[in-house]
Amino acid sequence: MARTVRPSRPKSQSPIKKVRKPIESKVARKKSLSIKTPTVKQLPIKKPSKLRYHVEKEIKYYRQSITHLVPKACFIRMLKTMVLKMDTQMRFTKDALDMLQDAYESYIVANMETSYLATVHAKRVTLKSVDINLVKRIKDRQLF
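Residue 131 in our numbering is what sits at position 131 of the sequence shown, and the numbering runs on without skipping anything.
Everything hinted at is true.
Simulated crosslink set (EDC-like; lysine to aspartate or glutamate; CA at most 16 Å straight-line):
no., residue 1, residue 2
1, K80, D98
2, K128, E113
3, K139, E113
4, K72, D102
5, K72, E105
6, K72, D95
7, K72, D98
8, K136, E113
In short, the hints are calculated from the structure, not lab data.
Using the sequences and the accompanying hints, generate a full structural model.
In structure tokens:
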């Protein structure tokens, strides 16, 4: 097979130049085996907990507790404002205040229970002010 000579490129066309990458020394890229770099471990990221309703736990907690649901100072303040509205000066003993607070809390709990029954009757789960007003109106009719 005969060799043929390639024609030379015309000078008007610029030759395609290859961009040469700088040669990095292989020694610099190697990691030394004797010295280990410390690894920083990240703390595990807590996943945001799902919203769960712990109604049963709350009910159990409040049934087992002996303390009052309404703080004593708030109840006494409310009682004093009610007494001032009646324009009479009354004094209460400690035992009388405890009895009044017990009666007040049992009234509120009974109201909430019947209001929740109205909520269930309306095929809802959330207790609304409409239910409380309905129970109040029904109880007012029963008194007369």
